[in-house]
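From first to last, the protein sequence lines stand for chains A and B. Note that this note's numbering has the first sequence beginning at 1, numbered continuously upward. Note that this note's numbering has the second sequence beginning at 1001, numbered continuously upward.
Please keep in mind that the hints were generated in silico from the structure rather than gathered at the bench. It cannot be assumed that every hint is accurate.
What the hints assert, rightly or not - Here are some chain B residues the structure puts well away from chain A; computed CB gaps all over 10 angstroms:
id, residue
1, 1008
2, 1164
3, 1266
4, 1416
Said to hold, decoys possible - Here are the simulated DSSO-like cross-link-like pairs (lysine-lysine), alpha carbons at most 27 angstroms apart as the crow flies:
id, chain 1, residue 1, chain 2, residue 2
5, A, 370, A, 135
6, B, 1135, A, 370
7, A, 297, A, 370
8, B, 1135, A, 135
9, B, 1135, B, 1370
10, B, 1370, B, 1297
11, A, 135, B, 1370
12, B, 1370, B, 1392
13, A, 110, A, 425
To be verified - Each pair of labels, with its calculated beta carbon distance range:
id, chain 1, residue 1, chain 2, residue 2, range
14, B, 1428, A, 142, 55 to 61 angstroms
15, A, 127, B, 1364, 19 to 25 angstroms
16, A, 45, B, 1165, 17 to 23 angstroms
17, B, 1141, A, 466, 33 to 39 angstroms
18, A, 278, B, 1110, 42 to 48 angstroms
19, A, 108, B, 1364, 28 to 34 angstroms
20, A, 416, B, 1141, 18 to 24 angstroms
21, B, 1132, A, 12, 26 to 32 angstroms
22, A, 76, B, 1165, 49 to 55 angstroms
23, A, 380, B, 1156, 31 to 37 angstroms
Just so it is clear, CB atoms sit at the ideal spot from N, CA and C, and this is done for glycine as well.
There are 2 protein chains.
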Amino acid sequence: MSPLSRLNLDPASDTPLYRQLADEISELIERGEVASGERLPPTRELAGVLGLNRTTVSAAYAQLEEAGLIEGHVGRGSFVAQRGAKAHVAADWESLLAPMEEGFAPSGRKVEINFANSRPAGASFPVAQFRRLAKQAIEGADAAEILQLGSPHGYGPLRRYLLERAAAEGVARAGDDLIVTNGCQQALDLLARLFAPAGNAIVVEDPVYHGLLRVLARAQVNLLPAQVTEDGIDVDALEELVRTQRPRALMVTPSFQNPTGATISLENRERIVELAQRFGLALVENDIYSDLRYRGKTLPTLKELDATGNTILLRSYSKVAFPGLRVGWAIAPRAVIARLADAKQLSDLHSDQLSQAVLLRFAESGELEKHIDRTRREGGERLEAVLTACRKHLPAGARFTRPEGGMSLWIELPEPLTAEGLLSKVEERGVSFVPGRYFSVRRAHARGLRISFGGLTQEEIRRGIRIIGDAAAEQLAATAAQVSFEPAAALV
Amino acid sequence: MSPLSRLNLDPASDTPLYRQLADEISELIERGEVASGERLPPTRELAGVLGLNRTTVSAAYAQLEEAGLIEGHVGRGSFVAQRGAKAHVAADWESLLAPMEEGFAPSGRKVEINFANSRPAGASFPVAQFRRLAKQAIEGADAAEILQLGSPHGYGPLRRYLLERAAAEGVARAGDDLIVTNGCQQALDLLARLFAPAGNAIVVEDPVYHGLLRVLARAQVNLLPAQVTEDGIDVDALEELVRTQRPRALMVTPSFQNPTGATISLENRERIVELAQRFGLALVENDIYSDLRYRGKTLPTLKELDATGNTILLRSYSKVAFPGLRVGWAIAPRAVIARLADAKQLSDLHSDQLSQAVLLRFAESGELEKHIDRTRREGGERLEAVLTACRKHLPAGARFTRPEGGMSLWIELPEPLTAEGLLSKVEERGVSFVPGRYFSVRRAHARGLRISFGGLTQEEIRRGIRIIGDAAAEQLAATAAQVSFEPAAALV
Chain A
1 MSPLSRLNLD PASDTPLYRQ LADEISELIE RGEVASGERL PPTRELAGVL
51 GLNRTTVSAA YAQLEEAGLI EGHVGRGSFV AQRGAKAHVA ADWESLLAPM
101 EEGFAPSGRK VEINFANSRP AGASFPVAQF RRLAKQAIEG ADAAEILQLG
151 SPHGYGPLRR YLLERAAAEG VARAGDDLIV TNGCQQALDL LARLFAPAGN
201 AIVVEDPVYH GLLRVLARAQ VNLLPAQVTE DGIDVDALEE LVRTQRPRAL
251 MVTPSFQNPT GATISLENRE RIVELAQRFG LALVENDIYS DLRYRGKTLP
301 TLKELDATGN TILLRSYSKV AFPGLRVGWA IAPRAVIARL ADAKQLSDLH
351 SDQLSQAVLL RFAESGELEK HIDRTRREGG ERLEAVLTAC RKHLPAGARF
401 TRPEGGMSLW IELPEPLTAE GLLSKVEERG VSFVPGRYFS VRRAHARGLR
451 ISFGGLTQEE IRRGIRIIGD AAAEQLAATA AQVSFEPAAA LV
Chain B
1001 MSPLSRLNLD PASDTPLYRQ LADEISELIE RGEVASGERL PPTRELAGVL
1051 GLNRTTVSAA YAQLEEAGLI EGHVGRGSFV AQRGAKAHVA ADWESLLAPM
1101 EEGFAPSGRK VEINFANSRP AGASFPVAQF RRLAKQAIEG ADAAEILQLG
1151 SPHGYGPLRR YLLERAAAEG VARAGDDLIV TNGCQQALDL LARLFAPAGN
1201 AIVVEDPVYH GLLRVLARAQ VNLLPAQVTE DGIDVDALEE LVRTQRPRAL
1251 MVTPSFQNPT GATISLENRE RIVELAQRFG LALVENDIYS DLRYRGKTLP
1301 TLKELDATGN TILLRSYSKV AFPGLRVGWA IAPRAVIARL ADAKQLSDLH
1351 SDQLSQAVLL RFAESGELEK HIDRTRREGG ERLEAVLTAC RKHLPAGARF
1401 TRPEGGMSLW IELPEPLTAE GLLSKVEERG VSFVPGRYFS VRRAHARGLR
1451 ISFGGLTQEE IRRGIRIIGD AAAEQLAATA AQVSFEPAAA LV
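Bound conformation, chain A alone:
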């Protein structure tokens, strides 16, 4: 019996079965357990013995043949080849393609408590309701239209629903229109490309969402950072920047900003809108978190406060419903939406229509609102847990923000600690977070770090913050710095 029939493959592995099989056979050949010139079992036979699809075995054989390890002869089967590489003149992809930019890369260690991912808790997804409403959408009379090529603006019924709601809220105005995007990320990408060519700068918050920084860098936008304080973007600094540098736009997240969780006060929102109106500045308002308010009073969006049409509002179902369904949208004056639709058509024609139809049912049925209510309740408990744990476990000298909603808060470690140094310590204990420099325009914020708590249980949050606090205290002790055991002051 061939040694191939004794192979053990792991169907649960990330490596496809055919690759596992090819790798195993390749090792057998390497070790001489299957000799040069020996015939391999026919694909059908080996598939039967190993309990695999025949396609899987064929794919493995094809890979081995490609690698020059076996040779196929029509009608006779596959044979182990004499070793000898073919002459290859491969494309030099390193020089042909744009380099990858440095982004945050997890260590590869097993993470038990992941503060690095800003995403909702999958365990709370209302799967039964989703199933029921998705089936309704699939049974809907317009199924054939959903399957056919659509409009760059989005699936008509969802677009009308969202625009009407926004108009009723006072968020959409008479001259406004709406486009559906693949989540907020795509809206940021499309806007970065629309704003980029003119050469003027764009103001961003600092620290700011790393995905925005990278998108703007790719589009070669000139970035002007404005510091985020406990009350959101520093409006005095912003005004100074606008006055002296005449940027074309400000991109801002007024509510529960990622990564700080900071929220801009009503007074400062009014000042920002007034500034935009005075200087003809475009405002890009990232509003994906404002539904996730756990405490305090709801504030109006910049879009609502802005009667002049300077604001492009970005929203999404990803943070409040299902990130796996990529549906976000932008509301802005018609001229802006027309440009976005043109750019969207070049990028991917239009957004997937099935998920748009499903999410419309989910919203119209009231299930979305119920789910958001639940998320808010659970989010409030998570927020309480993370704030309590920070107070209790972070060493003296550490400071942290006190968000009233959203998914993340920001910790500043005391001197001489660095977030990267601390990360390597806590990764050993199964905890991860993203160090501050990835959120920094100038790669500063070495002592800052983002804690994303939106997807974790209270118990995980408590345990994770304790591990971070303990590791920080140990590092402080090890650096022989003066450690006091006073509770940490909140960076409110």
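Knowing the structure of chain A, use the given hints to seat chain B on it.
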């Protein structure tokens, strides 16, 4: 009774109901039928009378308030305002945003026979099978995972399925990987951006898919056009370009190219691969039509012929299944897929997972293959109809390609006709197509035009080509050119 209660709105209109309502009320105010200071009916009451949602009425009132036509007073209701515009300092979007590039814009006339859209026939969609398999996907054990944030590489089970099939076909090799994109269009966009920065040129076919031209222009790629002949890209011209200009890549559609329908012969495919290997040229192979072969023999992809890993293969479910579900993919050496995944993450994080799960079921169940078989049968009949109609109805001097599959063919009009001149004539008769200049790198091909026949019935095709042929003959007669009534020669 208020004159508002007599308003008639059209629920079937493209204009949302709230806008129709606001427009109507605005007219009543304009005409003085509702006077300054008069109180409007409460939203609930008007909604009841007109049979609308209360939200719709609120949205209309909000729009009127925004326009300064009415004023709301908390607890007292809404009143018609004194006329007087607010001072607005709006952003100057024309100068803030990149200009829109010229693309083909339909005339706005009603189109009965649309040769301009390259999309499959919606009437042939297997809606019942889609519904059944979509429900299975929704009921699947991994529903919660589908709803959660996914990987930039795509939904794991689909990715494994596609990669394994491609390996079994000999299309994917040992060092290859796969990424799911939002149709082929997104793959083109991501690649354009990855290839753009290095400054070297990219060779494209001429004429070529207008969506590719625009994507490459947006990425500021330097384009080198190589003419498409009856046998696909002119490989002698290509070789000359590669030798003298040292481009970094060739983007090519070997089978049933859009817009010409031309297919590259096996011999020329081998020459192209050999050229790529000799010069380290990257090949981007757009392979979205090859399953739609109605005649002749299947040819291997460049990817299959290329053992050196110079080829990036692009495929999609859009043309062979449902364009409304945005699922395509790229297969290439791992280094390329890693860059694509990085670029994809910046563009929109990842593709929608629900449609990926549904299409996986559709493919695994065998329904996709059955649907493709049907599409091929119907496509063969359409192709026969369009070729016959071209022979019969096009005037002498016109030439046309003879594709063996795909969705489009190319007509060259005789001198002195132009495609744009002809289009304005046939649009009057309810027929549309896209003139050749939109497919031309240098805006040439004034006499060329694309006929997309993939979504039309045989009867529509016959009638449409007859209208085009008649209009061309009339224009020829009118220009006093010598018109012979010989049948047109095929541009084979």
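Going down the list of hints, with the structure as the test:
no.	hint	verdict
1	1008	holds, 19 angstroms
2	1164	violated, 5 angstroms
3	1266	holds, 18 angstroms
4	1416	holds, 33 angstroms
5	A:370 with A:135	holds, 19 angstroms
6	B:1135 with A:370	holds, 24 angstroms
7	A:297 with A:370	holds, 20 angstroms
8	B:1135 with A:135	holds, 6 angstroms
9	B:1135 with B:1370	holds, 19 angstroms
10	B:1370 with B:1297	holds, 19 angstroms
11	A:135 with B:1370	holds, 24 angstroms
12	B:1370 with B:1392	violated, 33 angstroms
13	A:110 with A:425	holds, 13 angstroms
14	B:1428 with A:142: 55 to 61 angstroms	violated, 31 angstroms
15	A:127 with B:1364: 19 to 25 angstroms	holds, 22 angstroms
16	A:45 with B:1165: 17 to 23 angstroms	holds, 21 angstroms
17	B:1141 with A:466: 33 to 39 angstroms	holds, 34 angstroms
18	A:278 with B:1110: 42 to 48 angstroms	holds, 47 angstroms
19	A:108 with B:1364: 28 to 34 angstroms	holds, 32 angstroms
20	A:416 with B:1141: 18 to 24 angstroms	violated, 50 angstroms
21	B:1132 with A:12: 26 to 32 angstroms	holds, 28 angstroms
22	A:76 with B:1165: 49 to 55 angstroms	violated, 25 angstroms
23	A:380 with B:1156: 31 to 37 angstroms	holds, 34 angstroms
Violation of the numbered hints given earlier is confined to hints 2, 12, 14, 20, 22; the remaining hints are satisfied by the structure.
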